[in-house]
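Undergrad: Sequence:
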Amino acid sequence: MSIDDIIAQAVAKAVKELYSVDVDAASIQPQTTKKEFEGNLTIVVFPWVKAARKSPEAVGTEIGEWLVENEPAVDRFNVIKGFLNIVIEPSFWSSVLNHIAHTPNYGFKAVTDESPLVMVEYSSPNTNKPLHLGHVRNNLLGFSLAEILKACGNRVIKTNIVNDRGIHICKSMLAWKKWGNGATPESMGVKGDHLIGDFYVLFDKHYKAELAELQAKGMSEEEAAAASPLMNEARAMLRAWESGDAEVRSLWQMMNEWVYAGFDETYKRLGVDFDKIYYESDTYLQGKEKVLEGLEAGKMYRREDGSVWADLTAEGLDHKLLLRSDGTSVYMTQDIGTAKMRYDDYPIDKMIYVVGNEQNYHFQVLSLLLDRLGFKWGKDLVHFSYGMVELPQGKMKSREGTVVDADDLMNEMVTTAREVSEELGKLDGCTDEEIKQITEMVGMGALKYFLLKVDPRRNMMFNPKESIDFNGNTGPFIQYTYARICSVLRKAEEAGMKITDYLSVKPGEREIALIQRLADFPSVVAEAGRNYSPALIANYAYELVKEYNQFYHDCSILRENDENVRSLRLTLSRVTADTVRSAMSLLGIQVPERM
RNA sequence: GCGCCCGUAGUUCAAUGGAUAGAAUAUCGGAUUCCGGUUCCGACGAUUGGGGUUCGACUCCCCACGGGCGUACCA
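Each residue of the first sequence is one higher than the last, beginning at 1 in the numbering used here.
When the alpha-carbon atoms are kept at most 30 Å apart in a straight line, the in silico DSSO-like pairs for lysine-lysine are as follows: (1) Lys506 x Lys491; (2) Lys350 x Lys379; (3) Lys465 x Lys436; (4) Lys320 x Lys350; (5) Lys546 x Lys35; (6) Lys50 x Lys13; (7) Lys81 x Lys54; (8) Lys150 x Lys340; (9) Lys426 x Lys465; (10) Lys16 x Lys50; (11) Lys205 x Lys177; (12) Lys178 x Lys217; (13) Lys546 x Lys491; (14) Lys50 x Lys81; (15) Lys276 x Lys109; (16) Lys109 x Lys379; (17) Lys426 x Lys436; (18) Lys34 x Lys546; (19) Lys16 x Lys34; (20) Lys205 x Lys178; (21) Lys150 x Lys109; (22) Lys177 x Lys208; (23) Lys150 x Lys276; (24) Lys191 x Lys268; (25) Lys340 x Lys320; (26) Lys506 x Lys13; (27) Lys299 x Lys350; (28) Lys491 x Lys436; (29) Lys177 x Lys217.
Using C-beta positions, here's what the derived DEER-type ranges look like: (30) Glu412 x Leu317: 41 to 51 Å; (31) Pro392 x Ala227: 37 to 47 Å; (32) Met254 x Glu304: 33 to 43 Å; (33) Lys276 x Ala227: 41 to 51 Å; (34) Arg457 x Leu558: 39 to 49 Å; (35) Lys208 x Asp344: 41 to 51 Å; (36) Ala246 x Asn105: 47 to 57 Å.
Hint data in this document are derived by calculation from the structure and do not stem from the laboratory. Built from N, CA and C at the ideal position, the CB exists for glycine as well.
Let the hints inform the model, and build the full structure from the sequences given.
TA: The following block contains the structure:
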């Protein structure tokens, strides 16, 4: 049982005995005492003031006195306004540390076949262009969320839905056919996803030129768009694709394979993966089927032009198109089909979609539609809605060419990590292979930490220069602290230092603060799971290393002569290192033993 | 127009309805003969504005102002 639980239960008992009020101990959440007051844990006593018919100060004092009398872990207390600050018996903290050091895996709930099954969808790229910074945030959030949910005792299936069909793919295909001269990733020495992206851009360039030409002849913008031969050719290609035209299909397949090979490389470097990948080319027909079923059951309606709609005005929303007048599917239809396939494949308890907040409306509608179509999980689907990433120079706009490419970004981060390390002379004496590994960890760690430390729901500013700073609230700073602890532990081992019994040691203030912080880790993970927030873990990791640095600054470790005190400090160091590594791994970030 | 989200130090981010709103960075000043000077300590500096609910509001409600996103037979 944690110290928080011990105090919460004791307080509940005190309130019951003193004021005859029944309180659920779980509802009492002791807070860490602010540093300007004396104490370790703080209880807010306002909730019981009314029942006690006494002043907040009196209630705090009475509960405090009761605790000192009846709870051995409590040494003394003070009351300020309605806040009861409790000082825990110092030697108690040694046993807390000992308990943490001997609890495997922080006491996280083990995952069994009975555990809830959560499916997390993330990444969800289009196959007509390479991944960019926005996808990077998505991928990192999705992966980290999956790790956190696993630590919270869930079975997790990571899934990806690849948008591999539609007019946008046809544009790339058409451009390649017209102007590609048989180019392949091999012949051009370019990653497949970039090659296809280039042709997509090329299509757009020609299309724009064509529009300008037509408008110069006096057509309106709309007329020009409808008349554009290039666009009509792309539309024809989509129809040919839908009807299963062999030539179009084989071109489509070949080009998609190139893109997947490129994506795989990017995913691998990002350190993310998937248990099951779905393709919209497989799911869109199922969605169509489902919608037609709904139409028959009177849950949807058909308009004169043949298009199929759902009336959501009763739910306070608008009418939503589900099948075009030509019978083809839209995005929503595909998502319905994808949901159906997934729930056919897995006994899912909870579905989480990691998708940007520009699609909030889409998921609101999807939830209603799935519910209406009889999917019992529809109502409870979770849209993990995250904010956009902006840059110091402004927003990313693909039309203006200000998109930050994921591969370029990763290269840049690792190169910078290497430059900084070399400048500081940190990697002297390492082999090339070691340098490569370390700079990869640091560069990627900087990128990941910076993107994950911010509350996912918020829009954020990504500043590459700031992210790789070895100081401040950054990945490298945390990695550095970890490496330094490893260095201390190595030296202790080289010197043959053994861990002796430290249970009788009374830790000092610094040590207690660090132990208390370490003891918080499991509840932080649980909180991150409840709130779907990797940022809580990231900020915890930072707070933890800051706490360690203060301890490190004030207390000698290797030079301490009392071997029991030294044992306590070595154990504290080891547990801190383990916790840092564990927290960072929940973010998908690796930590180096030297850097 | 309508709907949703967001407004916190110069800047980037924190703060389950709880104490004097915390960090980082930048700027200025200081400590550390010592386990990695990539450390530690201090100063400066903020809740967009106006009402309301509450013992207590950055947080909840209303209004105004400012920003973002959506409202496609795009995905």
